[in-house]
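Protein chains: 2
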Amino acid sequence: MIAVLTGGTGGAKFVDGLRKVVPPRELTFIVNTGDDFEWWGLHISPDVDSITYVLSDLLSKERGWGVDGDTFQCLEAMKRLGEPAWFQIGDRDLSTHLRRTHLLREGKTLCEATAEITKSLGIESTVLPMTNSPVETRVTIPEGEISFQDYFVRRRFRDPVNSVRFSGAENSSAAPGVVDAILSAEMILLAPSNPVTSIGPILAVSGIRKALQDSTAPIGAVSPIVGGAAVSGPAGALMAAQKLPVSVAGVAEAYQDFLDFLIVDSADAEASQLFTNARLEMYSTNTIMKTNDDRTELARAVVSFASDSKKLKVAS
Amino acid sequence: MIAVLTGGTGGAKFVDGLRKVVPPRELTFIVNTGDDFEWWGLHISPDVDSITYVLSDLLSKERGWGVDGDTFQCLEAMKRLGEPAWFQIGDRDLSTHLRRTHLLREGKTLCEATAEITKSLGIESTVLPMTNSPVETRVTIPEGEISFQDYFVRRRFRDPVNSVRFSGAENSSAAPGVVDAILSAEMILLAPSNPVTSIGPILAVSGIRKALQDSTAPIGAVSPIVGGAAVSGPAGALMAAQKLPVSVAGVAEAYQDFLDFLIVDSADAEASQLFTNARLEMYSTNTIMKTNDDRTELARAVVSFASDSKKLKVAS
Numbered sequence: 000m001i002a003v004l005t006g007g008t009g010g011a012k013f014v015d016g017l018r019k020v021v022p023p024r025e026l027t028f029i030v031n032t033g034d035d036f037e038w039w040g041l042h043i044s045p046d047v048d049s050i051t052y053v054l055s056d057l058l059s060k061e062r063g064w065g066v067d068g069d070t071f072q073c074l075e076a077m078k079r080l081g082e083p084a085w086f087q088i089g090d091r092d093l094s095t096h097l098r099r100t101h102l103l104r105e106g107k108t109l110c111e112a113t114a115e116i117t118k119s120l121g122i123e124s125t126v127l128p129m130t131n132s133p134v135e136t137r138v139t140i141p142e143g144e145i146s147f148q149d150y151f152v153r154r155r156f157r158d159p160v161n162s163v164r165f166s167g168a169e170n171s172s173a174a175p176g177v178v179d180a181i182l183s184a185e186m187i188l189l190a191p192s193n194p195v196t197s198i199g200p201i202l203a204v205s206g207i208r209k210a211l212q213d214s215t216a217p218i219g220a221v222s223p224i225v226g227g228a229a230v231s232g233p234a235g236a237l238m239a240a241q242k243l244p245v246s247v248a249g250v251a252e253a254y255q256d257f258l259d260f261l262i263v264d265s266a267d268a269e270a271s272q273l274f275t276n277a278r279l280e281m282y283s284t285n286t287i288m289k290t291n292d293d294r295t296e297l298a299r300a301v302v303s304f305a306s307d308s309k310k311l312k313v314a315s
Numbered sequence: 000m001i002a003v004l005t006g007g008t009g010g011a012k013f014v015d016g017l018r019k020v021v022p023p024r025e026l027t028f029i030v031n032t033g034d035d036f037e038w039w040g041l042h043i044s045p046d047v048d049s050i051t052y053v054l055s056d057l058l059s060k061e062r063g064w065g066v067d068g069d070t071f072q073c074l075e076a077m078k079r080l081g082e083p084a085w086f087q088i089g090d091r092d093l094s095t096h097l098r099r100t101h102l103l104r105e106g107k108t109l110c111e112a113t114a115e116i117t118k119s120l121g122i123e124s125t126v127l128p129m130t131n132s133p134v135e136t137r138v139t140i141p142e143g144e145i146s147f148q149d150y151f152v153r154r155r156f157r158d159p160v161n162s163v164r165f166s167g168a169e170n171s172s173a174a175p176g177v178v179d180a181i182l183s184a185e186m187i188l189l190a191p192s193n194p195v196t197s198i199g200p201i202l203a204v205s206g207i208r209k210a211l212q213d214s215t216a217p218i219g220a221v222s223p224i225v226g227g228a229a230v231s232g233p234a235g236a237l238m239a240a241q242k243l244p245v246s247v248a249g250v251a252e253a254y255q256d257f258l259d260f261l262i263v264d265s266a267d268a269e270a271s272q273l274f275t276n277a278r279l280e281m282y283s284t285n286t287i288m289k290t291n292d293d294r295t296e297l298a299r300a301v302v303s304f305a306s307d308s309k310k311l312k313v314a315s
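From first to last, the protein sequence lines stand for chains R and Y. Counting along the first sequence from 1, when you hit position 182 you're at 181 in numbering that gives the first Met the number 0, and nothing is skipped either side. Counting along the second sequence from 1, when you hit position 213 you're at 212 in numbering that gives the first Met the number 0, and nothing is skipped either side.
By construction, these hints were calculated from the structure, which means they are not laboratory data. Small disclaimer: the values here were computed from a predicted structure and weren't measured. Ideal Cβ positions, reconstructed from N, Cα and C, are used throughout, including at glycine. Each statement offered as a hint is correct.
Have a look at the derived ranges for each label pair, beta carbon to beta carbon:
#: 1; chain 1: R; residue 1: G68; chain 2: Y; residue 2: G81; range: 17 to 23 Å
#: 2; chain 1: Y; residue 1: G176; chain 2: R; residue 2: I145; range: 37 to 43 Å
#: 3; chain 1: R; residue 1: F86; chain 2: Y; residue 2: S162; range: 44 to 50 Å
#: 4; chain 1: R; residue 1: F86; chain 2: Y; residue 2: R278; range: 58 to 64 Å
Quick list of in silico lysine to any residue cross-link-like pairs, SDA-like style, CA-CA up to 20 Å:
#: 5; chain 1: R; residue 1: K107; chain 2: R; residue 2: F36
#: 6; chain 1: Y; residue 1: K118; chain 2: R; residue 2: G81
#: 7; chain 1: Y; residue 1: K107; chain 2: R; residue 2: E37
#: 8; chain 1: Y; residue 1: K289; chain 2: Y; residue 2: V20
#: 9; chain 1: Y; residue 1: K19; chain 2: Y; residue 2: S55
#: 10; chain 1: R; residue 1: K78; chain 2: Y; residue 2: E105
#: 11; chain 1: Y; residue 1: K78; chain 2: R; residue 2: G121
#: 12; chain 1: Y; residue 1: K78; chain 2: R; residue 2: L57
#: 13; chain 1: R; residue 1: K78; chain 2: Y; residue 2: T70
#: 14; chain 1: R; residue 1: K107; chain 2: Y; residue 2: E82
#: 15; chain 1: Y; residue 1: K78; chain 2: R; residue 2: A114
#: 16; chain 1: Y; residue 1: K60; chain 2: Y; residue 2: T70
#: 17; chain 1: Y; residue 1: K118; chain 2: Y; residue 2: E25
#: 18; chain 1: R; residue 1: K118; chain 2: Y; residue 2: K78
#: 19; chain 1: Y; residue 1: K118; chain 2: R; residue 2: A84
#: 20; chain 1: Y; residue 1: K78; chain 2: R; residue 2: L103
#: 21; chain 1: Y; residue 1: K107; chain 2: R; residue 2: P83
#: 22; chain 1: R; residue 1: K118; chain 2: R; residue 2: L103
#: 23; chain 1: Y; residue 1: K78; chain 2: R; residue 2: E105
#: 24; chain 1: Y; residue 1: K289; chain 2: Y; residue 2: V225
#: 25; chain 1: Y; residue 1: K78; chain 2: R; residue 2: L120
#: 26; chain 1: R; residue 1: K242; chain 2: R; residue 2: R137
#: 27; chain 1: R; residue 1: K289; chain 2: R; residue 2: S265
Some, not all, of what chain R presents toward chain Y, calculated at C-beta under 8 Å:
#: 28; residue: G40
#: 29; residue: T70
#: 30; residue: C73
#: 31; residue: M77
#: 32; residue: L80
#: 33; residue: E82
#: 34; residue: R91
#: 35; residue: S94
#: 36; residue: H101
#: 37; residue: R104
#: 38; residue: S119
Sequences are here, hints too, so could you generate the full structure?
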């Protein structure tokens, strides 16, 4: 079994590669829910949705979010009714939010609702929201504190960021199955997701970081930072706000208390040698996922690195 | 000001004609909410929607319900997620239910939510749901008691009906503005709607029947029964279940305690003479609304009859 911590569009691409080189039943995804928010009265869980869509072949490759070939009739009509339209929900995409919200209002947990939805879509992997508790990523910009979606989607991450916090994390607990998945995994991978706002909320949930520290499996991360900048999105600015170097060293630092190996892009192979040490193994390969082949090749390389790492670890 | 009690597809057609012969600002619609139900976790108000759509030029003339030219992408996706699909909601139509449900969850009443939606759509007439209280039309068939939508849409009104009741009506009160609209109207019209399940629930709401009895304005109804059968839908079977003759006489009987005039189809002109009396005036005209012209001509005739009736009433 492989446990994967993931969130964001980089995470979804990595998951897409992974599901093609590992039998889907052997994959458990622990997914960021810090971006969850209420929209039009519905519970939206953007990262859970992206993983769900990628695993069911529904994700729009063009956009990197939402359902491929979706239409936006409802969104257009909502504008006319005075509802905000800056978060774009397609008509097919909407079904997931409606179904989830309906299940939650019937008393199901987010985990249970996710299990029902993924099962309906024929997904064989396990998709675990990191927690059933409300944890909300809050971003402080010069104008004040706003939600992550406000910062990321509505304001298109243009604002300077002073700090990031995960509201509710201190009182949260890991969703059922999350800690077990980590402790029983033979390999644990951190997708090339934003370390601050995609992986950060997962690590902030009570018990998850501890489980990673306790795990005897090799734990590897793919750096979302290439050549001193994020491959996409605001990871750079957010890492800087959290006082992390915007470099592969910063990624290593974010995970330093549990990480066994770090996969950096070939472009960073040299830079990574600066902090290679006995504890942290470094691998380099092409991590930029432009094509389907890039995705599967990266996944294959990562799994291979982890197998190597495991051997080394067991031998030590 | 004209107050109109309405519901169902016959009601929507009549309203379409009326809005073309009377300035929309002078029209107040008191609309059946006995068919309201929860669907996919959303509050659906079919009769309020039909009137809203007809007044904003959105109603599908082809179907008689929903939004013209709508698509059904979300519905198809909902089927895959295991939600029922027998009540067909289009993608644009969905926006109305989402917006209403969102407003209700924010604490707005059904009346307030309806006012916001109709305003957004540029509707100048007043659309008043009959009540903000939960009133539910329940139909008893041989297999037991079911909801109106279950009987009407899912089972396509094929079951024999033993009885009909309006659950919650005894504890309901008319929505703000309803009694005032009736008492201050210069003319009150009952659309050619099903007397049992479209107009019946309105009359069952506390205070509405009394207001009609107290009104000094002429009150007229257009018969939905032509030649001893309903123009469309299950009005015949439901009238029989309520021990009403399935005829224009049955329509007169349903409204006997407040009705001043009844408009019957030309085909029933003779039959209607059987119960013409000093209290109830009878008019006949073409009431079958196949074309747009049929709708406006019927509306024009009804308003004209009401004006005559008023004079007669004042003179007596």
